[in-house]
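K.L.:
Could you slot chains R and U onto chain Z? The hints should help.
Chains as they are written, first to last, in our numbering: chain Z, 1 to 250; chain R, 1 to 231; chain U, 1 to 670.
Hints were generated in silico from the structure; no laboratory data involved.
Misleading hints may appear alongside valid ones.
Stated by the list, open to error - Here are the computed distance ranges between Cβ atoms for each label pair:
1) U:N521 x Z:Q46: 17 to 27 Å
2) Z:D24 x R:V90: 12 to 22 Å
3) Z:Q46 x U:E616: 37 to 47 Å
4) U:N540 x Z:D24: 33 to 43 Å
5) Z:A148 x U:T500: 55 to 65 Å
6) U:E563 x Z:Q46: 19 to 29 Å
7) Z:D96 x R:N227: 52 to 62 Å
Just so you know, even glycine gets a beta-carbon here, dropped at the ideal spot from N, CA and C.
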Amino acid sequence: MSEMNLTLKIWRQKNAADKGKMVDYKVNSISEHMSFLEMMDVLNEQLINSGDDPVAFDHDCREGICGSCSMFINGEAHGPVKGTTTCQLHMRSFKDGDTIYIEPFRANAFPVIKDLVVNRSSFDRIQQSGGFISVNTSGNTQDANATAIPKHDADLAMDAAACIGCGACVATCKNSSAMLFVGAKISQYALLPQGQVEAKDRAQNMVAQMDAEGFGNCTNTGACEVECPKGISISNIARMNREYLSGSLK
Amino acid sequence: MSSKKQGLSSIGKKVIMALTGFFLMFFLLQHLSINLLSVFNADSFNEVSHFMGTNPLVQWVLQPVLIFSVVFHFVWGMKLEYENNQARNVKYAKYNGGANASWMSRNMIISGLAVLAFLALHFYDFWIPEINTKYVIGDTSGLIEGTENFRYHEELVHKFAHQPWRVFLYVLSFVMLSLHLLHGFQSSFQSVGFNHTKYTPVIKMLGNIFAIAIPLGFIFIAIYHYNVHPH
Amino acid sequence: MALNGKIPAGPIKDKWTSYKDHLNLVNPANKRNIDIIIVGTGLAGGSAAATLAEQGYNVKAFCYQDSPRRAHSIAAQGGINAAKNYQGDGDSTYRLFYDTVKGGDYRSREANVHRLAEVSANIIDQCVAQGVPFARDYGGLLDNRSFGGVLVSRTFYAKGQTGQQLLLGAYSAMNRQIARGKITMYNRHEMLDVVVVDGKARGIIARNLVTGEIERHSAHAVVLGTGGYGNVFFLSTNAMGSNVSAGWKAHKRGAYFANPCYTQIHPTCIPRSGDYQSKLTLMSESLRNDGRIWVPAKLEDVAAIKAGKLKATQIAEEDRDYYLERRYPAFGNLVPRDVASRAAKERCDAGYGVNATGEAVYLDFASAILRYGREQALLKGESSATDARLKELGKEIVKAKYGNLFDMYKQIAAENPYETPMMIYPAVHYTMGGVWVDYNLMTTIPGCYAIGEANFSEHGANRLGASALMQGLADGYFVLPYTIADYLSHDIRTGTIPTTLPEFDAAEKEVKERLEGLVNNKGIHSVDYYHKQLGNIMWNKCGMSRNEKGLKEAIEEIAALREDFWKNVSVPGGAYELNPELEKAGRVADFLELGELFAKDALDRNESCGGHFREESVEVGGPQDGEALRDDENYAYVAAWEYKGKPSEAVLHKEQLDFNDIKLTQRSYK
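Excised from the complex, chain Z in its bound form (with noise of 0.2 Å):
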């Protein structure tokens, strides 16, 4: 089992007033089998035994579906390997030596909270707007196999579903742009049978929330799809563009 010795560059800020500043730390004997997190633990676990404050990240699940984990780490969304989250990176993508960088997932309607935790409820504002289907709660709908949905619009829209809500298309693209994470919840509705007599009024008031919320504009590098840990595809800003398009028609 190879062993690394790793140079760590990571944001520190005490709270969302303090200004923040990048601070240098060491690791040594990391293996290459721990997940990226592990790596964090074993430094944590360090700082605490030397009478030091912690590193504070968000992270849940650890297994790349809950969305709570959110390092830029050397410059890229979760790290340097595509479709993952930084909680399924793992340390043999690092080599003995490397410095690597870490930092929170930027954007202004991203506040920092505490070193690497940021506050992503602007996310959660947007779906409140209109990411939702109105229907009661009651069961009392229709069958569920009475409307046939093709399989083809059902499997898109399940592709556009796989949104994890981690922010990676906001941290990284250029712009901080929310337009994946907003196209990906209007498509899947838009797709589907039982979305489609609110999608316009939807693409309306998502978008209006998504602008309001201070996140910048789309100017279609395409970063976001190919950062995206779920590989969420940009066709999904494409049908958000139509909705809303066609909705402002009406």
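P.N.:
Only chains R and U this time, still in chain Z's reference frame:
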């Protein structure tokens, strides 16, 4: 549900960039087609140039739309760049943009500003003298003073034949235009909501052809006139 | 207090319908005057919050994550069961009911399980209406798959992300109510106590995890949808933040805790790779359909593998021990989860584990690849295909079936499972035990409810695959909204509960003292140090196989560890700021109490049932020699524990389980 719209939405802005972009790309195609005539047949070039320069529809409808598009495309482009820059106040210490997006897509502002600088030169070279001749002096004949010959081809040749620095600047600018188009062409389609598994690859290919062929055409014309006519 | 399950009378088929018809309702105008607190926003909490808000109650929802969408329900892969019988394979409400009771090894309440089976079909209707993109076939209708332990295809799924899609459905329903102002959402808030006023749950004390501020929230009822406690083992497939604290605080305030020892240990997880391991990842059980499980038959081969001198593929067929096929010829690699898990442990304990930690067995697809390859060669008319070609053809089929799982394995373990066998080992996955609730899902504290994995009710001693999602949504969408109205109908004149009551003062004071005590302790060991030790004790003595001696030791060791924790734990930072270490410390402190009760419960239950295996209770002689032996005569009860100041002093209350509609039988897989 009510809409909370204030001003133009982020999607509205990108659609405007796309639509003005489409018009400008159409203009480029038209401009190149006419200019190519200068290589093959000076007379045809002169006739078409005179038509374009004096036809009221072209002069009073298309030309204002063109100017509007140019101004709008630039002003909005810069405004968007500024806004987008403002969406992230604290910058990354390390940002590896090359890992996930092309240089062209990330630097439209650079290629765009280069094209803007070129436009200044180009206006100084052609458009301002043209407007001056036609609307300040009031000579709409299109003729070289004291002759029966059209002036357009002569003016074109004059600009390139003796001035290698100008040819160089034109070539450089067209390279920048090419970079701008390499992203801009396909991006415009995406912005207006066109994205299709089958057709988008075709559009990307057409975009690459367009983005290389059009600037190459202009470069060819500049170099042709530089080489063919006596120095 | 006598334990009354409040199970309605009448034939099992009609119990829920006729009970529901006679429950009290709250009129819409009065619902506006009633507040409900819901802690946890997973499938159970999220669906309950959305439904109750939609009905008109004022809901306050709390989650420790930064968004309700991140609750750990999101990680469920496989699917959700529903008795729709879309496949026409003979499924029915009764069969789902029967399978669940049998799968739970006859330790669940018949009436609850039947109700669950009844409402299951509606869940699918509801989710489709909400835009959940379930998998469909080419005709556009819903697709189903089959899951372990049953004979029909009743599992609905959305790729390998069913939990995610169902949770996002509930989250979207919540968002609609948040936008209407009917749900007030408290993200990054952790409940630290239940406030009981005049014997009724009337509020909670919560900590704002961002500012560290301690807040008081009052309501007419408190609902806990706070999930399971698998993290008492330190390593589990649960999320890092999953904890028992909410349920445990309720327990300390008077809610009985039921069957804490019922834990599901899932056989196909990716093994631990070293001491730094922070969590384990599950691989879908479906892999056992095609994978063969084995370890080397010779110890010297094991040593050579560990030393890196030998590869699994180099071991000859006759030197391999396909121990499941050897021990269970009838079911082979498809024995139930608990049996497969114990068999792996048995081999590894005997020294045959194949990785550095000695805790891994092989799951081999080589023969499946060849088998599929031959089938394909035949179909394609390639009668003279070489072995390499057969493998190539076979790999395509395996890829189509398990591609995403193989990719996941490759990402984590850095080995290519198409070429070399996977390594797997059992891991803690789900806890069937939880806060005791009656038929109304109410705990022994009036007005305090527990739903989803947080309660104990539906799965008995073992949960069937794809049933956790079903239970969470059934509780939240279709059961609690009816039963809670009956309770709240008596509260329409109460008015807002003031948070200035002395009970709130007292609870807040306790919470603050505990937090300040932790940060001011300035000890010598980190929280994880204690959590890992607790995990070790739990895994070794309360894990897949339990005996009296080990359990007694565990009880003592955990008590000693707890004492040491309070003396020597070190929590950096302050109490009134974002402090993840402090959050962990509070949770581990509760695990250190629960762990002891867990062992005590396991000691009390001297029978083997479902996930609980007591070495003292096995078949002797006959074809079932050495297998788990249930003792229906003495242990057909729910063990509900009442808190008396210390886990060791907890008092046992038994709720006898009556089986009127299903005959009890012993499981056999030989």
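K.L.:
Look at the Cβ atoms of Z:D96 and R:N227 and judge whether their distance stays inside 52 to 62 Å.
P.N.:
holds, 58 Å
K.L.:
A range of 17 to 27 Å was offered for this pair. Does it hold for the Cβ distance of U:N521 and Z:Q46?
P.N.:
holds, 20 Å
K.L.:
Could you check the hint for me, namely that U:E563 and Z:Q46 are 19 to 29 Å apart, CB to CB?
P.N.:
Holds - the Cβ-Cβ distance for U:E563 and Z:Q46, about 27 Å, lies within 19 to 29 Å.
K.L.:
Are U:N540 and Z:D24 spaced within 33 to 43 Å by their CB atoms?
P.N.:
Since the Cβ atoms of U:N540 and Z:D24 sit about 40 Å apart, the hinted range of 33 to 43 Å holds.
K.L.:
Please check whether Z:Q46 and U:E616 have a Cβ separation lying inside 37 to 47 Å.
P.N.:
Hint holds: Cβ distance 44 Å, inside 37 to 47 Å.
K.L.:
Do the Cβ positions of Z:D24 and R:V90 conform to the proposed distance bound of 12 to 22 Å?
P.N.:
holds, 19 Å
K.L.:
Is it true that Z:A148 and U:T500 lie within 55 to 65 Å of each other by Cβ?
P.N.:
Given about 58 Å between the Cβ atoms, the range holds.
Going down the numbered hints, you'll see the structure goes against none, and every one checks out.
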